[in-house]
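Undergrad: Could you put together the complete structure from these sequences and hints?
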Amino acid sequence: MKNFESIDQTFKAMRQLPIEVSFKQIKKWIDELPVIRKQDMPKSKWSYLKSFFPPINDN
Amino acid sequence: MQSNTNEAFLNWYEPIHNRFIRYCSSVSYGILETEDLAQEAIMATLQNYHRISNKNKLLNYMIGIVRNVVNNQRRRKKFHANWEEDLLNKLESATQNAEVAVDIQFLLNAMDQLPAKQKEAVLLFEVSGFSMKEISQIQDSNLTATKTRISRGRKQLKELLSEDTSKASLTNRLTAFASILL
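Each protein sequence line maps, in turn, to chains P and D. The first sequence begins at 1 in our numbering and counts up by one. The second sequence begins at 1 in our numbering and counts up by one.
Keep in mind that the hints were calculated from the coordinates and are not lab data. Note that the structure is predicted; figures quoted are calculated from it, not measured. Keep in mind that the hints are not guaranteed to be accurate.
[Claimed, not checked] Straight-line Cα separation of at most 30 Å, DSS-like style, residue types lysine-lysine; simulated pairs: (1) D:LYS158 <-> P:LYS12; (2) P:LYS12 <-> D:LYS155; (3) P:LYS24 <-> D:LYS55; (4) D:LYS155 <-> P:LYS24; (5) D:LYS57 <-> P:LYS12; (6) P:LYS12 <-> P:LYS24; (7) D:LYS147 <-> D:LYS158; (8) D:LYS155 <-> D:LYS133; (9) D:LYS147 <-> P:LYS12; (10) D:LYS55 <-> P:LYS27; (11) D:LYS117 <-> D:LYS147; (12) D:LYS57 <-> D:LYS147; (13) D:LYS90 <-> P:LYS12; (14) P:LYS24 <-> D:LYS90; (15) D:LYS90 <-> P:LYS28; (16) P:LYS27 <-> D:LYS57; (17) D:LYS57 <-> D:LYS117; (18) D:LYS133 <-> D:LYS147; (19) D:LYS57 <-> D:LYS133; (20) D:LYS55 <-> D:LYS117; (21) D:LYS133 <-> P:LYS27; (22) D:LYS90 <-> P:LYS27; (23) P:LYS24 <-> D:LYS133; (24) D:LYS158 <-> D:LYS133; (25) P:LYS28 <-> D:LYS55; (26) D:LYS158 <-> D:LYS117; (27) D:LYS117 <-> P:LYS12; (28) P:LYS28 <-> D:LYS155; (29) D:LYS117 <-> D:LYS133; (30) D:LYS57 <-> P:LYS28.
[As the list claims (entries may be wrong)] Some chain D residues near chain P, calculated using beta-carbon distances under 10 Å: (31) SER3; (32) ILE104; (33) VAL122.
Backbone N, C-alpha and C fix where the C-beta goes; we use that ideal spot for every residue, glycine too.
TA: And the structure:
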């Protein structure tokens, strides 16, 4: 490989390599992501205690 | 809510998919699987999709993750003896042509000698097909600097690869061919 032309040809060969991951595959990864719903999350002890002291509205 | 984010992300991502995967492949040969690298970058970008208000910065963010993952993996693989062999085997099976595989390997090895930003710009332009404007956004630099970076990179590659005629390079080349054949 001695000149720009052969470097260009090697770049071209790299561009022609098959795409290793399809868009469909990416869509599948994203669709299969676990959904974390807020109501399913356990309450911490602090948020439990806070529920006994509702915020005071000075107005 | 989550499905809206996923849909918005996929709409943004679809036009750049092929170029992004090509970039992942070109930086991951012999280091890690393209699929793993792409998955890590895509999932991290998706998680932060709402936090990044300027959507022009998304590609920059995603390429940054690729950069970090590859650098970490390279540090870990420093003492991995079969690095060159892994790379050549993967290239050979992808190209189905031993000579082209060796040429690509030589080009990638030469690229490793370029400064990191220069290598990134050349790969994004020559292999992935991103425009100069997109690359300047990815690299947070102006258009002129990007053009200069790519041009210098190509010039340096030419110099590095023209040393190919030396005795040592020929020996390396024959060793690489022998490893394919044996």
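Undergrad: Now tell me if each hint is right for this structure.
TA: Results of checking the hints against the structure:
1. D:LYS158 <-> P:LYS12: Since the Cα atoms of LYS158 of chain D and LYS12 of chain P sit roughly 16 Å apart, the hinted pair holds (cutoff 30 Å).
2. P:LYS12 <-> D:LYS155: holds, 17 Å
3. P:LYS24 <-> D:LYS55: holds, 23 Å
4. D:LYS155 <-> P:LYS24: violated, 38 Å
5. D:LYS57 <-> P:LYS12: Holds, because 28 Å separates the two Cα atoms, which is no more than 30 Å.
6. P:LYS12 <-> P:LYS24: Roughly 25 Å between the alpha carbons, so the hint for LYS12 of chain P and LYS24 of chain P holds.
7. D:LYS147 <-> D:LYS158: holds, 17 Å
8. D:LYS155 <-> D:LYS133: holds, 21 Å
9. D:LYS147 <-> P:LYS12: Holds - the C-alpha atoms of LYS12 of chain P and LYS147 of chain D are around 20 Å apart, at most 30 Å.
10. D:LYS55 <-> P:LYS27: Between LYS55 of chain D and LYS27 of chain P the Cα gap is close to 20 Å, so the pair holds against 30 Å.
11. D:LYS117 <-> D:LYS147: Holds. LYS117 of chain D to LYS147 of chain D sits at ~12 Å (cutoff 30 Å).
12. D:LYS57 <-> D:LYS147: Roughly 20 Å between the alpha carbons, so the hint for LYS57 of chain D and LYS147 of chain D holds.
13. D:LYS90 <-> P:LYS12: The hint holds at about 18 Å.
14. P:LYS24 <-> D:LYS90: holds, 23 Å
15. D:LYS90 <-> P:LYS28: The given pair, whose Cα atoms are some 25 Å apart, holds under the 30 Å limit.
16. P:LYS27 <-> D:LYS57: Cα-Cα ~22 Å, so holds.
17. D:LYS57 <-> D:LYS117: Judged against 30 Å, a Cα distance of about 17 Å means the pair holds.
18. D:LYS133 <-> D:LYS147: holds, 9 Å
19. D:LYS57 <-> D:LYS133: holds, 13 Å
20. D:LYS55 <-> D:LYS117: Within the cut-off at roughly 22 Å; holds.
21. D:LYS133 <-> P:LYS27: Distance of about 27 Å is within 30 Å: holds.
22. D:LYS90 <-> P:LYS27: Distance ~25 Å between LYS90 of chain D and LYS27 of chain P Cα, so the pair holds.
23. P:LYS24 <-> D:LYS133: Given pair LYS24 of chain P, LYS133 of chain D holds - Cα atoms ~28 Å apart, limit 30 Å.
24. D:LYS158 <-> D:LYS133: holds, 24 Å
25. P:LYS28 <-> D:LYS55: holds, 23 Å
26. D:LYS158 <-> D:LYS117: holds, 18 Å
27. D:LYS117 <-> P:LYS12: holds, 21 Å
28. P:LYS28 <-> D:LYS155: violated, 41 Å
29. D:LYS117 <-> D:LYS133: Judged against 30 Å, a Cα distance of about 15 Å means the pair holds.
30. D:LYS57 <-> P:LYS28: holds, 25 Å
31. SER3: This interface hint holds because 8 Å falls under the 10 Å limit.
32. ILE104: Holds - the Cβ of ILE104 of chain D comes within 10 Å of chain P, reaching about 6 Å at its closest.
33. VAL122: holds, 9 Å
This entry does not satisfy hints 4 and 28, going by the numbered hints stated previously.
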